[in-house]
Each structure stands twice: as C-alpha cells, then as structure tokens.
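Peer 1: Residues per chain are reported as follows:
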Amino acid sequence: MSGPFDEKAHVAHMEKVMGLTVKEDWRPVVEAHVAATAKAADLVMSFPLDDELEAAPVFVP
Amino acid sequence: MTLLPSDQKSWTATQTVSAVAGGEISAEAVATHALQTVDKLDPEINAFTDVTAERALSEARAVDEAIARGEELPLAGVPYAVKNLFDMEGVTTRAGSKINRENPPASADATLVGKLKAAGAILIGGLNMGEYAYDFTGENVHDGNCLNPHDLTRMTGGSSSGSGAAAAAGMVPVTLGSDTNGSIRVPSSFCGLFGLKPTYGRLSRAGSFPFVGSLDHLGPLARSAEDLALVFDVMQGADPKDPAQADKPVLPTLPELPKGIDGLRIAVAGGYFRQKAMPEAFQAVDLIANALGAAGEIEVPEAARARASAYVITTVEGSALHLERIRTRPEDFDPDTRDRFLSGAMVPAVWVQQAQRFRSWFRAMMRELFTHVDILLAPATPFHALPSGTKTIVLDGEEMPARPNIGLFTQPISFIGLPVATVPVWLEGASLPIGVQVIAPAWREDLALRVAHHLQTTGAVSAPVAHLQ
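Line order of the protein sequences matches chains A and B. Residue numbering for the first sequence follows the working numbering, beginning at 1 and increasing consecutively. Residue numbering for the second sequence follows the working numbering, beginning at 1001 and increasing consecutively.
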C-alpha cells in the first residue's frame, strides 16, 4: 500500500460514496473491520504476481 | 415394527438403513422417535429453527410403502436436518436472518434435499445458523445462540451451528451444512463430529441461500466417516442449476473405504499450521499423525496470504450480495454481522481482484505440493470450543477478535476448494473434542474419507453422542 491506512477517513468517505448509514456507536467496530481488511489486503497486495496470472473464472458463455 | 429402541439416539445413518431396510423397525417409528428426541432436547440446545413434523411422518410412511414394494433405498428411514439456508418446500428460508423470514415459503426443495428425499431420508427440519453464514461462533441474535451439547456454556462453532449441535446431541445422525471459510469444519471440531467439505464445485448449491459464490460449498456432518461417504455419494451428480458446479464424473466413495490408508503418503502441514494455536490443537494433530504413521511435516508456503485473500474476497462478495439490505435496513441485521457487511462494502476493487489472482497462484503451488503427498493434516480449530460470548482470544501472545479467527486454519484450504474430512479427537483427560483436518487433493474426497474411516475403525477418533440430562 502507498502509505499508512487511515480507516477513519476511509469509512467517512466510503459511507457517502456507497450510500451507507454508519451510526456513531457502530463506527468504531466498522472502522476496526475496515482496518483488519486493509491489513489482510496489505499481505495480498505485497505479493508479486506474474502479469499473465489470471483469476479463475466460472463464467461460461 | 413399532418398537423404539432406547439407543436409537446413538444410531448412525448406516445402522438406521440396515434396521429399516431389514424390516427390524419402520421408518415411521424412526421418524417419530427423532421428532420426540427433538421435542425433548432442543429447548436446551436451540439447534432447530423449524421442525417439519408433518413432512417427516409423510416421508417416513412413503419409505415404508416403498420398502414393502421391495424397493431399495440407500438412505431408507435416515432422519436428517439442514442448516436453514437450504430451501425446504413450504418453509421460508431464513439463512439465519430476520430479513429473509419475510420471504414467501420456498416453492421447491434445494437440489441436495431433493436427492436425500429420493434416497429415502426423512427431513426433520431446519437448523440454526450464524446470520447469512458470516460467522464462526454459532451465535445468532434473532434465533438465540445454539449451545454445544458437550458443554452448554460453550459455543457450537459456526456458521453451521445447529448442524453441529443436532448431530452431536443425537437428535439426527446426519445434518447438512455450508462451508465458505470453515463453517462445516469448525462446528465439526467444536461439537466432536465428522464433517465433509467436498471439493469446490462438486455438489450442487442450487436452492441454498448464497454467501460468497467464489467460496461456498455444501456438505454433510455425521457421527461416522462411513455415514459421510454414504450421504456424499447420494448427493453427487450434475445439476445445471448451479453454474459453478464442475463437469466431473461421480466419485463413489463408500466402496473405497475398506482400502484404508494403504499406499497413502501422509504428512503434517507445517509452518503456518504449526503456529497461533493452543496446545490441544497441535496435540490432536500429533495424535492423528502418529496413528497414521505420517512421514513428518511439509511446509505450505504462503498460507497466511491465502487466508488473507479469502478474508478479502469473503467480505467483498458477501457485502455485494447484501448491499441493498445493508443500505436500507442495517438495524435489522445481527450487530455482529452488520458491522462486517458495512465494512465489506467499502473495500477497493483492486484488493479483491488481486486476491482472486493470488488464488490461481496458490492453487498451482498446492497442485505441485500434492505431487509429493496424498494427505495433509492440520488443526481444524486453534482450540476447543470457546465459552459462549467470547469476543477476543490470545494466540502466541497476540490478542485478536475471536469471531474471524476461529477459522484461521480452515480458511486457507477452502480458499482453493480442496476436499477436507474433519475428524473428532478426544485427547486424554479432555472434556471437549477438537477436530483435525484431513486434507486431500482436489476431486479426491475418497482419500480423505478412507483416512477418516481408518481412524474411526482403529479407535483413534470417535463421535459419541453428548450426554444431556
């Protein structure tokens, strides 16, 4: 990731983008989940993958 | 024909078929006894959300008539129940939620329920589960927590909570659950059962309420490995209604069980799978490894990254599925799942796409690993069943939330859809069971079931019915 992840700013932005309601007493837990996902994603995004590696689709036309 | 044996509560499906098909007892008597057992035990356990008594008796009478005509039914008179995300004709599919119970009753059975019915099994009802299957605890604010029959102060594990509790309490010998990241294997571990998570794409999911299409599996839980094979074989077969089902031939596993572990190369999964757990998890794996003469440890590279990828895919796909509901009526969700679905709706798309690409990398690596070994052993859960209400756990000195981390050993395996038979271990002096994952290469459920059956017949693992007052 490009820099330290700010889960408070991310939630504040994305709840508007996605039209979500985050009540104030839910907010700390939602932010904690977002931070946990960012931590997991950091592990995923830091692994070098060859350009030709594709996701496995199940879509069959 | 109407005699009700006092030990029926501990009958396996195989024993039940033998007694019913052999004319020792009627299917109607078996169904009646199962319904009475549910009436007696369930107020304490809270495994059932729907009891289909009328249907059960009607199906049982049809089985008795079929047997009288000389028909052979592979599951004649076997009572079973299903996680309440399976469609049961005439019953509303709640999927553990408050919201979905506003839906009309299902107009038809899920494919797997239809297959069990055709084989002569008797549906007793629908089972409690974590809301929308986003759960490893078995706790549910709408229907109440499902309690572990081996210790009522402890979790069943989830999300197939009722599927674990109903089989462990002896209410039915077989249940069906779903497993996206561990939801069959975790309750199998906490409730002391055999559980089969088949290969991804093996069994049809048509007529079941989804969670994460990329990772959802359905499968059975039971008190014997033989019962898993019996039921698994009946449930196989192509179904155009599940677009993710793979084009693979049916794999009969029951005839393979007598082969035991002959010729199998068995190893313990090392690295990631030997960290972050309580001693009982490693002791259980070591006991099974010794019983099988396993040839030492084999490192599984990048398992933590596999788990992280499954975590990202799960939260995004789950939240996409529920986006409209979480937008318009978040208060109607269980608070424990609500906050996770809200969070999952905020994830950058590139993260999940990269996780899906890593899935291809991890699959290729594991395919290569399985050229050197036939079976891998790993803990199913990092500990025995936790006390109900546990919010955080400490593993290797690190405090972490309990709910997502109960499945830290199951999640990397289902990530690439490998088949797993979970086997129940009772360590010396332990009052609770704990499960070990017997992991096979893709499409080789027969190997995992052979090992599980061998362990049961040699006495290394067992799934006794819980002693309830």
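To be clear, the hints were calculated from the coordinates, so they are not data collected in a lab. A couple of the hints might just be wrong.
What the hints assert, rightly or not - In silico BS3-like pairs for lysine-lysine, Cα to Cα no more than 30 Å straight-line:
(1) B:LYS1098 to A:LYS23
(2) A:LYS23 to A:LYS39
(3) B:LYS1117 to B:LYS1241
(4) B:LYS1040 to B:LYS1009
(5) A:LYS23 to B:LYS1391
(6) B:LYS1248 to B:LYS1259
(7) A:LYS39 to A:LYS16
(8) B:LYS1391 to A:LYS8
(9) B:LYS1115 to B:LYS1241
(10) B:LYS1259 to A:LYS39
(11) B:LYS1391 to B:LYS1276
(12) B:LYS1117 to A:LYS8
(13) B:LYS1117 to B:LYS1276
(14) B:LYS1276 to A:LYS39
(15) B:LYS1115 to B:LYS1098
(16) B:LYS1098 to B:LYS1241
(17) B:LYS1098 to B:LYS1117
(18) B:LYS1115 to A:LYS16
(19) A:LYS8 to A:LYS23
(20) A:LYS39 to A:LYS8
Peer 1: Decide, hint by hint, whether the structure agrees.
Peer 2: Evaluated hints:
For the hint pairing LYS1098 (chain B) with LYS23 (chain A), the CA-to-CA distance comes to about 20 Å; that is within 30 Å, so the pair holds. Between the alpha carbons of LYS23 (chain A) and LYS39 (chain A) the distance comes to roughly 24 Å, so the proposed pair stays at or under 30 Å and holds. For the proposed pair LYS1117 (chain B) and LYS1241 (chain B), the alpha carbon gap of about 18 Å is at most 30 Å, so the pair holds. Distance check on the hinted pair: LYS1040 (chain B) and LYS1009 (chain B) sit about 12 Å apart at the alpha-carbon level, within 30 Å; holds.
For the hint pairing LYS23 (chain A) with LYS1391 (chain B), the CA-to-CA distance comes to about 21 Å; that is within 30 Å, so the pair holds. Distance restraint check for LYS1248 (chain B) and LYS1259 (chain B): the Cα-Cα separation of roughly 23 Å lies within the 30 Å cut-off, and the hinted pair is therefore satisfied. For a cut-off of 30 Å, the pair hint linking LYS39 (chain A) to LYS16 (chain A) stands: about 23 Å separates their Cα positions. As the CA atoms of LYS1391 (chain B) and LYS8 (chain A) are separated by approximately 22 Å, the hinted pair is consistent with the 30 Å bound.
Annotation: proposed proximity of LYS1115 (chain B) to LYS1241 (chain B) holds, straight-line Cα distance about 14 Å (limit 30 Å). Restraint check: the Cα-Cα separation between LYS1259 (chain B) and LYS39 (chain A) comes to about 45 Å, which exceeds 30 Å; the hinted pair is violated. Simply put, LYS1391 (chain B) and LYS1276 (chain B) have alpha-carbon atoms about 17 Å apart, close enough for the 30 Å limit, and the pair holds. Our distance criterion of 30 Å between C-alpha atoms is broken by LYS1117 (chain B) and LYS8 (chain A), whose separation comes to about 51 Å.
Annotation: proposed proximity of LYS1117 (chain B) to LYS1276 (chain B) is violated, straight-line Cα distance about 42 Å (limit 30 Å). For the given pair, LYS1276 (chain B) sits about 17 Å from LYS39 (chain A) by alpha-carbon distance, which is consistent with the 30 Å threshold. Proposed proximity of LYS1115 (chain B) and LYS1098 (chain B) is supported: the alpha carbons are some 28 Å apart, at most 30 Å. The straight-line distance between the Cα atoms of LYS1098 (chain B) and LYS1241 (chain B) is roughly 27 Å, inside the 30 Å bound, and the hint therefore holds.
Pair hint LYS1098 (chain B) plus LYS1117 (chain B) holds up; C-alpha atoms about 28 Å apart against a cutoff of 30 Å. Using a Cα cut-off of 30 Å, the hinted pair LYS1115 (chain B) and LYS16 (chain A) is violated, with the two alpha carbons roughly 46 Å apart. Note on LYS8 (chain A) and LYS23 (chain A): the hinted pairing holds, with a Cα-Cα distance of about 13 Å set against a maximum of 30 Å. At roughly 14 Å between alpha-carbon atoms, LYS39 (chain A) and LYS8 (chain A) fall within 30 Å of each other, so this suggested pair holds.
Hint compliance for this structure: hints 10, 12, 13 and 18 are broken, all remaining hints hold.
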